[in-house]
Amino acid sequence: MIRRVAISLLIAASMCAAQTAQPTVEAHFGRATQLMQEHSYEAAAAEFEQAVTASPADPRVQFQYAVCLLALGRNDEARTHFEQARKLSGESRYITYYLGRLDLLSNDYTSAIQRLSSVADDPPAPDTAFHLGVAYISSGDLAAGTKWLERAAKLLPRDYRVHYRLARAYSSAGREKDADREYQLYTQLRDAHKNTEKDVRDCAGALQSGPPSAAREMCHRVYDPNDPEKLTLLGQLFGDAGAFEESLDPLKRAVQLDPKSFDAWHNLGLTYFRLQQYAQARAPLETAVALRPEFYGSAVLLGATLYMLGEDEAALPVLERAHRLNPSDAQTTEVLEKLRASHQKR
Amino acid sequence: MTRREFLAILAAGTAGAGISRAQDLGGMASRGIKPQPRGKPSGLPFHAHFTDIAAKAGLHAPVIYGPPDRMDYILESMGCGVAFLDYDNDGWLDIFLLSGTRREGPVDGATNRLYKNNRDGTFTDVTAKAGLIRQGWACGVTVGDYNNDGFDDLFITAWPQNILYRNNGDGTFTDVTKTAGLLHPGNRWGTGCTWVDYDRDGRLDLFVSNYVVFDFDKIPPTGKDPRCNFKGVPVNCGPRGLVPERPMLYHNNGDGTFTDVTERSGVGAVAPGYGLTAIAADFDGDGWQEIYVACDSTPSLLFQNRGDGTFAERGMQSGLAVNEDGNEQAGMGIAVGDFNLDGQMDVLKTHFTEDTVALYRNAGRLVFDDVTLRAGLGVETRYVSWGDGMFDLDNDGLPDLFWVTGSVFPEVEQKHPEFAHKTPRVLFRNLGGGRFEELLDAAGPAVAEPHSSRGVAFGDFDNDGDLDILIMNINEPPSLLRNDVSGDARWLKVKLVGTRSNTSAIGAVVTAVYGGRRQAQPVLAASGYLSANDRRLHFGLGEAATADLEIAWPNGTREQVKGVQADQLVTVKEGAGVISRERFKR
Numbered sequence: 373m374i375r376r377v378a379i380s381l382l383i384a385a386s387m388c389a390a391q392t393a394q395p396t397v398e399a400h401f402g403r404a405t406q407l408m409q410e411h412s413y414e415a416a417a418a419e420f421e422q423a424v425t426a427s428p429a430d431p432r433v434q435f436q437y438a439v440c441l442l443a444l445g446r447n448d449e450a451r452t453h454f455e456q457a458r459k460l461s462g463e464s465r466y467i468t469y470y471l472g473r474l475d476l477l478s479n480d481y482t483s484a485i486q487r488l489s490s491v492a493d494d495p496p497a498p499d500t501a502f503h504l505g506v507a508y509i510s511s512g513d514l515a516a517g518t519k520w521l522e523r524a525a526k527l528l529p530r531d532y533r534v535h536y537r538l539a540r541a542y543s544s545a546g547r548e549k550d551a552d553r554e555y556q557l558y559t560q561l562r563d564a565h566k567n568t569e570k571d572v573r574d575c576a577g578a579l580q581s582g583p584p585s586a587a588r589e590m591c592h593r594v595y596d597p598n599d600p601e602k603l604t605l606l607g608q609l610f611g612d613a614g615a616f617e618e619s620l621d622p623l624k625r626a627v628q629l630d631p632k633s634f635d636a637w638h639n640l641g642l643t644y645f646r647l648q649q650y651a652q653a654r655a656p657l658e659t660a661v662a663l664r665p666e667f668y669g670s671a672v673l674l675g676a677t678l679y680m681l682g683e684d685e686a687a688l689p690v691l692e693r694a695h696r697l698n699p700s701d702a703q704t705t706e707v708l709e710k711l712r713a714s715h716q717k718r
Numbered sequence: 017m018t019r020r021e022f023l024a025i026l027a028a029g030t031a032g033a034g035i036s037r038a039q040d041l042g043g044m045a046s047r048g049i050k051p052q053p054r055g056k057p058s059g060l061p062f063h064a065h066f067t068d069i070a071a072k073a074g075l076h077a078p079v080i081y082g083p084p085d086r087m088d089y090i091l092e093s094m095g096c097g098v099a100f101l102d103y104d105n106d107g108w109l110d111i112f113l114l115s116g117t118r119r120e121g122p123v124d125g126a127t128n129r130l131y132k133n134n135r136d137g138t139f140t141d142v143t144a145k146a147g148l149i150r151q152g153w154a155c156g157v158t159v160g161d162y163n164n165d166g167f168d169d170l171f172i173t174a175w176p177q178n179i180l181y182r183n184n185g186d187g188t189f190t191d192v193t194k195t196a197g198l199l200h201p202g203n204r205w206g207t208g209c210t211w212v213d214y215d216r217d218g219r220l221d222l223f224v225s226n227y228v229v230f231d232f233d234k235i236p237p238t239g240k241d242p243r244c245n246f247k248g249v250p251v252n253c254g255p256r257g258l259v260p261e262r263p264m265l266y267h268n269n270g271d272g273t274f275t276d277v278t279e280r281s282g283v284g285a286v287a288p289g290y291g292l293t294a295i296a297a298d299f300d301g302d303g304w305q306e307i308y309v310a311c312d313s314t315p316s317l318l319f320q321n322r323g324d325g326t327f328a329e330r331g332m333q334s335g336l337a338v339n340e341d342g343n344e345q346a347g348m349g350i351a352v353g354d355f356n357l358d359g360q361m362d363v364l365k366t367h368f369t370e371d372t373v374a375l376y377r378n379a380g381r382l383v384f385d386d387v388t389l390r391a392g393l394g395v396e397t398r399y400v401s402w403g404d405g406m407f408d409l410d411n412d413g414l415p416d417l418f419w420v421t422g423s424v425f426p427e428v429e430q431k432h433p434e435f436a437h438k439t440p441r442v443l444f445r446n447l448g449g450g451r452f453e454e455l456l457d458a459a460g461p462a463v464a465e466p467h468s469s470r471g472v473a474f475g476d477f478d479n480d481g482d483l484d485i486l487i488m489n490i491n492e493p494p495s496l497l498r499n500d501v502s503g504d505a506r507w508l509k510v511k512l513v514g515t516r517s518n519t520s521a522i523g524a525v526v527t528a529v530y531g532g533r534r535q536a537q538p539v540l541a542a543s544g545y546l547s548a549n550d551r552r553l554h555f556g557l558g559e560a561a562t563a564d565l566e567i568a569w570p571n572g573t574r575e576q577v578k579g580v581q582a583d584q585l586v587t588v589k590e591g592a593g594v595i596s597r598e599r600f601k602r
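In order, the protein sequences belong to chains A and B.
All you need for the working numbering is the position in the first sequence, starting with 1, plus 372.
All you need for the working numbering is the position in the second sequence, starting with 1, plus 16.
In short, the hints are calculated from the structure, not lab data.
Don't be surprised by glycine CBs; every beta carbon is placed ideally from N, CA and C.
Treat each hint with caution, since some may be false.
Unchecked claim - Quick list of in silico lysine-lysine cross-link-like pairs, DSS-like style, CA-CA up to 27 Å:
1) B/K438 x B/K72
2) B/K50 x A/K566
3) B/K240 x A/K566
4) B/K509 x B/K601
5) A/K570 x B/K50
Said to hold, decoys possible - Stretches of chain A that chain B covers, calculated by requiring three or more beta carbons in the stretch to come under 8 Å of a beta carbon on chain B:
6) 417 to 428
7) 442 to 455
8) 552 to 563
Said to hold, decoys possible - Simulated restraints on C-beta separations:
9) A/D563 x B/T188: 31 to 41 Å
10) A/G582 x B/K240: 49 to 59 Å
11) B/E434 x A/G582: 35 to 45 Å
12) B/K240 x A/H411: 50 to 60 Å
13) B/P201 x A/N598: 43 to 53 Å
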């Protein structure tokens, strides 16, 4: 029972912003990462800025700060920090990819093409070919742009943006038949996207206004056995409503389809945790932590899971790491102190 | 579920990342983007200088449009257009201002207004004398001589009923809506409108776009529907969530009446959308008029003229329907011009806040490229943007971009001061090479003045060889921005008079060749946001002393005028060449 109370405190602590201990670089970094995950980019940038000030030689912090700045449209600052990260860590295809995108945004097509081409064979992000295609088209090289957009359409078959750009490229080349095919695909995907938005709103509304069983039919419209993003979203919607059993199936399917999806693994682990199925929660959370080691939410959940499984020795370093990511969390500190004391006794 | 658990899940997952922010942005489509960084200023002088002389000119009456402090319904937020026209053919631009009203009841002095140009920088309100007093929810205006009697007539869109005024040629107008066959059954919210001779029979037909199905009693006002919010602040509902409408096309029978050919022409075959400004021009250079409709949060429409009395909707294929990522934008105003001097007509379309305008380069064959970011326009995303123009404001030979702005959600600025209700005008000067530079304070004090503006018209009201700007401000008097261009840059104005074509020459294209440059301009019956410009085409010529003119008349014939001297207005009559030349006194 004590263990359970401690764990609930731990989880709650992961969500609260107590202001006790002096934040460290890791703490700022962890909070910033969490805020990024929540799409609170302004707040994340403020945390990253403090992390960078405290540890300017940490390339990881410089890089993530730059990504955040790019999301905010603060492109010049983003470039500065990507360059700084490159100085500190050496050439990286990830940095090259982002610098290429920044070149594209600043209309420097020659540089964008040079950078994105250099990483296109081993793309750091699935949309590398898309941005390269756009860079070529913008530079006036319609043939090369079309070639890369065709490749992007294969890599991102559900992305309506890609198909629209490709349709435009075909139109410009006078390839009306190809253009019509792509416009049709674009329209289908765009409509599907809009329908999904509506279905999600309807599902969320039904889950808010009645029991999950009543919302099941409505929410089933979001279920697409071949779309990991929609499956993850559906799992999250059920989870938001406390329908954890309902969450499991779409999330399990999502991780099968996209084993690199942090969101899917994290939500699957969280769902098992909520169902108190700690043994099942462990592997998904370990995967989530491996995919995003800087994300406090996954770290503290994994620590808590291990603790609940009685694996205090394994839990200790994980919670230590979570604590470093968010030292202001008093409850985690309390549990950690107990674990440390127990560890020392042994 | 406890609050802490709920927070835990929120913190844990972001699987909904791909879901639209439409709710957060009210009912308008917006990319939710931040402005791109501004480059270093060019430091080049800009020779246009704007001063708001509306009060001095006698334009005192406010344009009433809904309550003074809030906008409870979308109808109250959309405002209306303005027009420069020469209703009495005296060679001086007069002003026509549309007006709204208030739901609570008639407001003293709220009426559409006609101001006669006194030729001394002032205007006289002749609304009553002209028979144009009318209070209601007017929206758009198109100016053209539909009966080819030599005098400009007025068509006005409005909720719930549009109006056609015939110019009697004696300073008065007559409401002929009913006899013309333009009364429609039921209530409808007409917005964009343009005269267009789509079948080249020499008579102006009429295109009307419609916005949403509107009823004060059926649409919840601000605060009554929690889904209608912007940044967490309750706001008026729409357009998303409201029932969209289809546009309409009326054929001019030549006897003062019109026939609804919406279905027969194919115009009625499009999916319903939220149509606003409509303009007609020959975008593909085949001699037949296309019609482009800016749609608000649905794909914009381009009706390609097949030349047989029917149209094919080609918005998506042309690239004019959505932005470069394939997303709808909140299309409000449209400007047409030739910003890159390639002799083809390009398009500027305005949108919502946290989005850019869209600049489309005409690549020929009815294919347009979205060059907004490449052109440097991504630096400005702060305002809800409305009436716009693509005109050479400093006479340097390169068309500039100008648009007016203003929020539709006055309630929001209290919580979010960055979304002010009244916002400044936006001016981008053309640097050449397809690039533009925003001028924040280099073109006179009137540009930075904040208002909640909607319609805008461009024209040379004081006949001094530059373009002035007339602006509708919601619940304020209009702005009249007098342009005083300094320096030695030259200009040329061209007025066309049709004979076999419609007398207004609406639909003609004049290509001026000057100083190694080649610029096309269309004669439009409507432009900006629900507004109408001076139909005399204005070309800044830079240092060039002469220009050659190539004229494509609406009926398909072509004409050339060589070696026209700068700094004058030339009137060209179809088939007769230049019939008059006028040098303005400065």
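We went through each hint and held it up to the structure:
Proposed proximity of B/K438 and B/K72 is supported: the alpha carbons are some 22 Å apart, at most 27 Å. Proximity of B/K50 to A/K566 is assessed by CA-CA distance (about 23 Å); at most 27 Å being required, the pair is judged to hold. Of the supplied pair hints, the one linking B/K240 and A/K566 holds, its CA atoms being roughly 25 Å apart against a limit of 27 Å. The suggested pairing of B/K509 with B/K601 holds, with an alpha-carbon distance near 14 Å, which does not exceed 27 Å.
Simply put, A/K570 and B/K50 have alpha-carbon atoms about 26 Å apart, close enough for the 27 Å limit, and the pair holds. Requiring three or more residues with a Cβ within less than 8 Å of a Cβ of chain B, the coverage given for the segment 417 to 428 of chain A is violated, as only 0 such residues are present. By the rule of at least three residues with a Cβ nearer than 8 Å to a Cβ of chain B, the coverage given for the segment 442 to 455 of chain A holds, with 5 such residues. Proximity of the segment 552 to 563 of chain A to chain B, defined as three or more residues with a beta carbon under 8 Å from a beta carbon of that chain, is established by the 5 residues found.
At roughly 52 Å, the beta carbons of A/D563 and B/T188 sit outside the given window of 31 to 41 Å. Evaluation of the 49 to 59 Å hint for A/G582 and B/K240 yields a failure: the beta carbon distance comes to about 23 Å. Between B/E434 and A/G582 the beta carbon distance is about 38 Å. The supplied range of 35 to 45 Å therefore holds. For the pair B/K240 and A/H411, the beta carbons lie near 29 Å from each other, so the given range of 50 to 60 Å is not met.
The beta-carbon spacing between B/P201 and A/N598, approximately 48 Å, falls within the hinted interval of 43 to 53 Å.
Hint check: violations occur at hints 6, 9, 10, 12; the rest are consistent with the structure.
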